Amino acid sequence: MIALIRVFAMITITASLSACGSSPSVPAYDYGAYVASNPRSVIVAPMTAQGDSSRHYLSIVAQPLAERGYYVMPVRLTQQLFADAGYQERAQEIRRAWSGEVAQNIWKLVDEDNHPGVREMAIELTEMSGADSVLFVYVLQSGHKVDVSEGFLKNLVDERMNHTINLDYLLVSDSGETLWRTRKKVIYTRGGGSFLQEIWNATYKASDTEIDTAIARDVNRLMIEGLRTKNEMSGSWYPGYPMLVGPYRSGYESDRAMRTPAPAAP
Amino acid sequence: MNDRDGVRTYGVRLQRPVSLLTVMLLSIAGLAEAKDPPRLYLWDSYEQDMFLAYAQPDNSSRQMKLAATLLRIIEKSDKAGRKVPPGVVAEYGYFLFQRGEYFAAIDHFRREATAWPESKTLMDLMIRKAREEAGR
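Note that the protein sequences, when read in sequence, are chains A and B. Per this note's numbering, the first sequence starts with residue 1, numbered consecutively. Per this note's numbering, the second sequence starts with residue 1, numbered consecutively.
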């Protein structure tokens with residue numbers, strides 16, 4: 001247990017976290033469909049059985065969604081129902097299509113109807129559960145690479161390794177409409193060299209899965225809860241366009257009002 | 001215990017807690033800096049125990065630990081007069097369902113549906129499943 005507390009506490013000292021593919025000059029996000037659909041509840045789409053990062057992600061997704069003010073369908077229960085109903089295989093197919101699109105524009109999957117699987121699944125899952133929306137999250141792990149510039153031997157000594165993780169979020173309404181989408185790529189350098197990290201590395205060696213999950217948890221904090229992180233405070237992360245505040249958190253109405261663009265002057 | 005022993009004991013005790021304490025302090029500093037809004041719910045060790053349970057789905061002691069944590073969240077929230085987090089009563093009910101305690105499971109599914117109207121469709125489905133299983 002202490003080990004796990006340490007892993008989850010670790011996210012506050014990931015001083016060398018850096019976000020890629022993001023710049024401060026991001027066009028304003030259009031929350032129009034999201035505000036109009038006004039979901040109260042979210043069901044987390046089936047995760048594929050393949051890949052530890054996807055499976056472990058299920059343990060950290062309910063809390064931020066609930067704290068953002070949504071009713072979250074019980075994750076462990078619903079994932080078991082999905083597995084019994086054969087949804088994991090379908091999720092795997094979607095994931096394959098999704099992965100193929102990663103270098104380009106993954107959102108074509110829904111918007112241009114290139115992959116009707118997402119839409120169909122969203123409609124089926126919301127019918128089954130009564131949820132207003134489905135959150136698809138794809139955790140794409142680009143492996144754990146040693147830093148070749150430092151030399152292999154030094155890597156062995158330092159355990160210096162890069163973790164590259166992509167998190168793609170897609171919120172779809174009960175009618176199959178895209179409400180919100182965002183992606184975050186994070187590179188974390190293990191054993192990055194700050195004094196605090198050295199203390200960390202000397203006292204506890206976390207597994208790759210634990211590190212990936214801790215990073216994903218920090219990204220959830222940013223993208224689902226819209227909370228600033230220490231890294232962001234230092235300028236390397238920007239808040240982006242998080243999920244809207246749900247009905248069970250105060251600030252729900254003001255957040256919606258803020259996200260609704262003023263009508264254009266006649 | 002003489003002074004020397006005392007010092008040695010202190011030294012030994014200090015070694016591990018220092019790193020943990022450092023981490024804890026950093027954690028607190030990080031949170032304070034981020035100025036988090038107040039939490040809506042009590043979560044206890046929900047994420048840690050879910051993580052452990054997902055890491056080894058076939059490890060029954062980890063599953064039991066998760067069930068105990070869910071129950072603890074329910075009891076602590078009730079005691080504090082706070083709403084139990086979404087899904088937690090249903091998740092605990094599902095543990096009871098898996099254990100074959102169908103009537104106790106139904107009680108929990110009903111409680112979830114009453115507390116959170118959004119869950120009614122899913123809870124009705126689970127209640128039907130539990131009744132079917134109980135009738136076998």
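Think of the hints as simulated: they come from the structure by calculation, not from any bench. Please read all numbers here as calculations on a predicted model, not as lab measurements. It cannot be assumed that every hint is accurate.
[Said to hold, decoys possible] Just so you have them, the derived chain B footprint on chain A, three or more residues with Cβ under 8 Å:
| hint | stretch |
| --- | --- |
| 1 | 73-84 |
| 2 | 129-139 |
[As the list claims (entries may be wrong)] One-sided excerpt, in silico: chain A residues whose CB lies under 8 Å from chain B:
| hint | residue |
| --- | --- |
| 3 | Val35 |
| 4 | Ala36 |
| 5 | Ser37 |
| 6 | Asn38 |
| 7 | Ser41 |
| 8 | Arg55 |
| 9 | Ala66 |
| 10 | Glu67 |
| 11 | Thr178 |
| 12 | Thr182 |
| 13 | Arg183 |
| 14 | Ile187 |
| 15 | Leu227 |
| 16 | Arg249 |
Built from N, CA and C at the ideal position, the CB exists for glycine as well.
Status of the hints after comparison with the structure:
| no. | hint | in the structure |
| --- | --- | --- |
| 1 | 73-84 | holds (count 7) |
| 2 | 129-139 | holds (count 4) |
| 3 | Val35 | violated (19 Å) |
| 4 | Ala36 | violated (19 Å) |
| 5 | Ser37 | violated (14 Å) |
| 6 | Asn38 | violated (13 Å) |
| 7 | Ser41 | holds (4 Å) |
| 8 | Arg55 | holds (5 Å) |
| 9 | Ala66 | holds (5 Å) |
| 10 | Glu67 | holds (6 Å) |
| 11 | Thr178 | violated (21 Å) |
| 12 | Thr182 | violated (19 Å) |
| 13 | Arg183 | violated (22 Å) |
| 14 | Ile187 | violated (20 Å) |
| 15 | Leu227 | holds (6 Å) |
| 16 | Arg249 | holds (6 Å) |
Figure legend: structure checked against the earlier numbered hints; hints not met, in rising order: 3, 4, 5, 6, 11, 12, 13 and 14.
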